[in-house]
Amino acid sequence: MAFRLTPKDSSFYDMFTASAEHLVEATDVLSEFVHEHTRREELGNRLRDLEHTCDQATHAIFRQVNSSFVTPFDREDIYNLASDLDDVMDCIEAAADLVVLTKLGTLPAEMGQQVALLQRCAQVTAESMPRLRSMKDLADYWIEVNRLENEADKLYRRLLSRLYSGEFDALEILKLKEVADQLEEAADAFEHVANVVETIAVKES
Amino acid sequence: MAFRLTPKDSSFYDMFTASAEHLVEATDVLSEFVHEHTRREELGNRLRDLEHTCDQATHAIFRQVNSSFVTPFDREDIYNLASDLDDVMDCIEAAADLVVLTKLGTLPAEMGQQVALLQRCAQVTAESMPRLRSMKDLADYWIEVNRLENEADKLYRRLLSRLYSGEFDALEILKLKEVADQLEEAADAFEHVANVVETIAVKES
Amino acid sequence: MAFRLTPKDSSFYDMFTASAEHLVEATDVLSEFVHEHTRREELGNRLRDLEHTCDQATHAIFRQVNSSFVTPFDREDIYNLASDLDDVMDCIEAAADLVVLTKLGTLPAEMGQQVALLQRCAQVTAESMPRLRSMKDLADYWIEVNRLENEADKLYRRLLSRLYSGEFDALEILKLKEVADQLEEAADAFEHVANVVETIAVKES
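Chains as they are written, first to last, in the working numbering: chain C, 1 to 205; chain V, 1 to 205; chain H, 1 to 205.
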């Protein structure tokens, strides 16, 4: 290992980018999971593996914070960013697991739309992470995530409205709500990530 | 535009006061909404407009933080205070929307009592915001909000106890719980606002 | 009262230790509560008293922060640690109260297992609090709490899977979910406590 005078803090950008790219993959798998009724076991296992990978990546970031002399931004913000990215993954994996646990069959179309919004959130988040290095063009990202989260909110309410329309009985509503709530929470978690990025950018400005 | 040497940071106090006054109006409208079964569409629209106004006010505060050289207290606390005030409004609007979405008719008396506590929270919050300037007499405010939130907790449990008493079927319980949970969350959000004010005051002391 | 030159900030360690020890007692009482169907009224009252004691302890910490010149770590971290310990107690007391409110009888074995994990969380938390003084051997504690919280997550899902297995009707599921969610929230709250300790340790390192 070569002697280095400067701390290798640039690795944080790569680590955040990697975590966000796991979310792109996970939302893509979740989209297949929602639409392809028969492949749920296989796809659910892939989500569990991704969740595990993301968990290890999060802890690697935590260890890197602890062992770095200098960090590119406040240690607490690095912590928050890493945990919030991890929270998104937890919600995605939990949503899929709840579909399996409650033995739900075909899901309402609105759930597919919820997942499509999560895919978009993951893409803009992954694209923004490398820009933390230059701190440029980050506002576009958090504005877009806020917009997507607003969309997700409206969609969630449209779904609730359908759940209570009389089409479903109480037990089905309960099961579908478990999943819908978890997807809604994933959208909120993406917004938390964007809020941390905004906080970091405000401090740097 | 006149030349100014000092940053116009005093505008923050006015902005927080305005946000909190929107909450006074919103809780008053919500009270009518809960009691006047037949005017729900009109009152629901007014709450949606208020939520939109509050949203714009919150983002104006965020922009002001970003463009100010000096802020009256930590940027992060300004952020938290603005978002927490916004959270209260979101809960209030969501509660009304859920009543409409689930097509609930007459609501249990306990919900009117929940809203009455929210009205009181909004009043003391709006009265306290201008006192952030002098940092005087703020403890009375957060103690009162903590007391009100305790009351709200007890009331929420009394409501749950009634929901599960056998008077309602599972589907009705589900619908009423959606609304009750949102009102309970509004009370919690008022407490978060008070906690940020307490944090600010502790730092200044 | 003797004259002292140095602020008595060491009292914080004792206060946190006392709060955590209340949680050990509360989880022990909750374990009896879950298993001993007939003593629920008496045990519920003991939990209410403990919640009240913990509340007073939390406010004593807040007052101590406000009146200390020097604090052993950041005022905000002291606040967060005190509130997060208090949140655990609130969840424990709420879980028991919901069992009483919804008039549940014998509880599923998985709930007893949830409570056993909470007892273990409380023990390791109480053991770690005095170590805040030396900042030594704290990593073992937060790693263990994270492991226990993972266990609690898996157990919670196993319980959900059973709730939706067809064994229970919608109304029973609703009641049992109220309690299960509260116990799951208690495990999350223990993890929040561990996260604050980790944050404090990172700053000190």
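Read the hints as simulated data drawn from the structure, not as lab findings. Because the structure is a prediction, the values reported are computed rather than measured. The reader is advised that the hints may include incorrect statements.
Same chains, same label: a pair holds when it works inside one copy or across any pair of copies.
[Stated by the list, open to error] Straight-line Cα separation of at most 27 Å, DSSO-like style, residue types lysine-lysine; simulated pairs: (1) K177 x K103; (2) K177 x K203; (3) K177 x K154; (4) K154 x K203.
Verification of the hints:
Taking the shortest Cα distances, K177 and K103 sit within 27 Å of each other both inside one copy (13 Å) and across copies (17 Å). Taking the closest pair of Cα atoms, K177 and K203 never come within 27 Å of each other, the shortest separation being 39 Å inside a single copy and 40 Å across copies. For the homomeric pair K177 and K154, the shortest alpha-carbon distances inside one copy (15 Å) and between copies (20 Å) are both at most 27 Å. Taking the closest pair of Cα atoms, K154 and K203 never come within 27 Å of each other, the shortest separation being 32 Å inside a single copy and 39 Å across copies.
When held up to the earlier numbered hints, the structure conflicts with 2 and 4 and fits the remainder.
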